[in-house]
Amino acid sequence: MSKKTSATAEKKGEPSVKDAGHGRAPVNASLSREAKIELYRQMVRIRRFEERSLRAYQAGKKIGGFLHLYIGQEAVAVGCCSLMGKDDHVITAYRDHGHAIAVGMDTKPLMAELYGKATGCSKGKGGSMHYFDPSRNFWGGHGIVGGQVPLGVGLAYGIKYKGLKGAAMTFMGDGAVNQGAVHESYNLAALWQLPVVFVIENNGYSMGTSQERSSAGDLAKRAEGYHMAWGVCDGHDLYEVRATMDKFLRAAREESKPAIVEIRTYRYRGHSVADPDNTYRTRTEIEEYRRTKDPIQVFQEKLVAEGVLDEAAVEKIDTEARTEADVSIDFSEASPFPTVEDIQKDVYWEADNPSERKSQGRLFFD
Amino acid sequence: MPVITYREAIRHALAEELQRDANVVVLGEEVAQFNGAYKVTEGLLEKFGPKRIVDTPISEAGFIGMGLGASMLGIRPVMELMFWSFYSVAFDQILNNAANVRYMSGGQINCPIVIRGPANGGTNVGATHSHTPENVLANHPGVKVIVPSTPYDAKGLLKSAIRDNDPVFYLENTILYGDKGEVPEAEYLIPLGLADVKRTGTDLTIVTYGRCVIHSLKAAEILEKEHDVSVEIVDLRCIRPLDIDTVLASVAKTHRVLIVEEQKPFASVGSQLAFMIQREAFDELDAPIHRLATVDAPAIYSPPVETEQLPNPQRIIKAAIEALA
Ligand SMILES: Cc1ncc(C[n+]2csc(CCOP(=O)(O)OP(=O)(O)O)c2C)c(N)n1
Ligand SMILES: [Mg+2]
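Protein sequence lines, in the order shown, are assigned to chains A and B.
Just so we're aligned: 203 in the numbering used here is position 222 of the first sequence, and the numbers increase by one with no gaps anywhere.
Just so we're aligned: 404 in the numbering used here is position 325 of the second sequence, and the numbers increase by one with no gaps anywhere.
Keep in mind that the hints were calculated from the coordinates and are not lab data.
Mixed in with the good hints, there may be bad ones.
[Stated by the list, open to error] Listed next, the stretches of chain A that the computed footprint assigns to chain B, with coverage defined by at least 3 CB atoms under 8 Å from CB atoms of chain B: (1) 95 to 104; (2) 276 to 283; (3) 329 to 341.
[Said to hold, decoys possible] Quick list of in silico lysine-lysine cross-link-like pairs, DSS-like style, CA-CA up to 25 Å: (4) LYS339/A with LYS238/B; (5) LYS126/B with LYS238/B; (6) LYS397/B with LYS339/A; (7) LYS238/B with LYS332/B; (8) LYS143/A with LYS130/B; (9) LYS397/B with LYS143/A; (10) LYS143/A with LYS228/A; (11) LYS238/A with LYS277/B; (12) LYS146/A with LYS238/B; (13) LYS332/B with LYS143/A.
[Unchecked claim] Derived Cβ-Cβ restraints for the label pairs, each shown as a range: (14) ASP68/A with GLY122/B: 30 to 38 Å; (15) ASP68/A with LEU268/B: 30 to 38 Å; (16) ASP311/A with GLU266/B: 54 to 62 Å; (17) ALA206/B with ALA99/A: 40 to 48 Å; (18) ALA206/B with LEU35/A: 34 to 42 Å; (19) SER116/A with GLU264/B: 37 to 45 Å; (20) GLY122/B with LEU35/A: 58 to 66 Å.
Since the model is a prediction, treat every value here as computed from it, not as a measurement.
Note that CB positions come from ideal geometry on N, CA and C, so glycine has one too.
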């Protein structure tokens, strides 16, 4: 990492997350050195990508609309998605950059999507909140709080219907848990024993409302009302995320058992770029998390202690991630915008596949 | 040719498509053990078993969203809404998710889901159960909307809907479920977006769909006998895609138009039709376009009055005479 925000320089802070032994969990102990470095690299890539996007948004005014940054939460998406097998699927809300990178999407089309370019992952039609890549079993990127959760149950239904051994990881925020559709989804998942793992990324706030001000009771424990398994884990520790999720994902894949897992995490930036972030929490609180629980920092220390990483390797990974982010910016800058004609493409499957069109009549109006 | 009911026609379409494609699955409240709230799915559980015919809890947002998620993986769910009126509790799933997922993913995902159920007034069930949301649905690019009026159309259109790769919303009518009509034994499909001239005539075009087709046919008989007026009736069958060409061809023949719809008038399907007809056939018109809609208020309960709130043959005759004046 660079000198200024270097993780090695930040190292002076006392990590409060000590190795709770999750590194020795089989799912982590079995990781090769290279695999561990890759997990670390992914978190750094997400962070550098988002920091770069923020600059493009603020200084460059290149990005429109909302930009919800995942900074601080990287271990959640990377930990969870690193466990995916070929029949596992992911769906999440609008804070989706981390998940997209964690499932393996190329950062160039991701940045281009923020730029609204035709080369974006959704051809400039979705924006920050609506990343998709079905080829990587990634089903979005959804802008309505809680609206993606029934879809996640549907993915699980599809997996089960086809007789596959997979699981649908359905991410949501701590604010989403109070949506009716989420409770309907819990009930359906439990009633039909669908292989879905609901992941509540509890970053403490839904916009400016703290968990205490929005939710009665414990978040994941609501599973008990539906006779579902549940768990809570620390989302600052990548090993812990993997160890916890592995257990629930296995139960989903092998026994078609749904579960709710609350992963405690924290976002460093405002809710979106539009949030001045000065009304609902203190600077001290943010600084404290940054100093003591940063997921990248925490994992870096573990890997250094394990002898997997050294300072030079850390530096190199960081430089490469910065370069990758810059390359994604150059790619986006150089890419064309969609045309006005493109507005009406990708609306109907039939309109986009005219040789296979069976219906007649007008599909579009003016 | 066998004569069957509108209800049976829908059931036969479901059964044939369930038979043809193992990815087709029917889900909804009371569709399986109870045989369907309106008995549309009667016998399907027995024939196809509980994996294909699934009773859901009363959880429209949950199960419609679930069907949609499954459709992204290539399942072809046919979801029954006990009444289309209940779409409001699943609005986000139906119109934010079903209509938009393809677009927001840049065309990477398609959602071959069908949502079907009755959408009509006239059964004295009051304002909460009498919505006709075809205009609201069709307002969303990305979706297709069908409103069949006869057993023949109901079957052929539903089969096409199930095979369609876009989300299709299919609006039935509880009052038509018992109506009988000829339906061939042999398999057939009706393409979406193809209107049907249900009666030919020379003096006035009635553009309509759904149960109002049946009312209009009755009105046309009386207009012919008692007023010596020859009415042509265009049944849209499908609201989106829309076969405006058949409408315009009829207008070019009769030069007068009456739109009849079981819709509240404001921003209705008829409003859209009137706009298109005046713009594309202005010179063909000998008179302003007329419209008969539902009287603009929530659906009244009072049985004899509800009949007058909705289009009915008597109201259509009156409106037709006005349109011809
Ligand atoms: C149905 C709905 N209501 C409100 C919003 C506006 N909104 C967007 S994000 C958000 C907060 C959600 O917080 P949480 O679920 O904790 O997720 P986080 O942003 O922390 O990731 C709100 C209120 C929305 N997008 N959708
Ligand atoms: Mg939150």
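Hints, verified against the model:
1. 95 to 104: holds (count 4)
2. 276 to 283: Check failed, 0 qualifying residues.
3. 329 to 341: holds (count 8)
4. LYS339/A with LYS238/B: holds, 12 Å
5. LYS126/B with LYS238/B: Answer holds: LYS126/B to LYS238/B is near 18 Å, not above 25 Å.
6. LYS397/B with LYS339/A: Outside the cut-off at roughly 39 Å; violated.
7. LYS238/B with LYS332/B: With Cα atoms ~32 Å apart, LYS238/B and LYS332/B exceed 25 Å; violated.
8. LYS143/A with LYS130/B: holds, 11 Å
9. LYS397/B with LYS143/A: Violated, at about 56 Å.
10. LYS143/A with LYS228/A: Distance of about 23 Å is within 25 Å: holds.
11. LYS238/A with LYS277/B: Answer violated: LYS238/A to LYS277/B is near 53 Å, above 25 Å.
12. LYS146/A with LYS238/B: This hinted pair is violated, its Cα atoms lying about 31 Å apart.
13. LYS332/B with LYS143/A: violated, 53 Å
14. ASP68/A with GLY122/B: 30 to 38 Å: Given range 30 to 38 Å: holds, Cβ gap about 34 Å.
15. ASP68/A with LEU268/B: 30 to 38 Å: Distance hint for ASP68/A, LEU268/B holds at roughly 34 Å.
16. ASP311/A with GLU266/B: 54 to 62 Å: holds, 56 Å
17. ALA206/B with ALA99/A: 40 to 48 Å: Distance hint for ALA206/B, ALA99/A holds at roughly 47 Å.
18. ALA206/B with LEU35/A: 34 to 42 Å: violated, 49 Å
19. SER116/A with GLU264/B: 37 to 45 Å: holds, 44 Å
20. GLY122/B with LEU35/A: 58 to 66 Å: holds, 60 Å
Checked against the numbered hints given earlier, the structure breaks hints 2, 6, 7, 9, 11, 12, 13 and 18 and satisfies all the rest.
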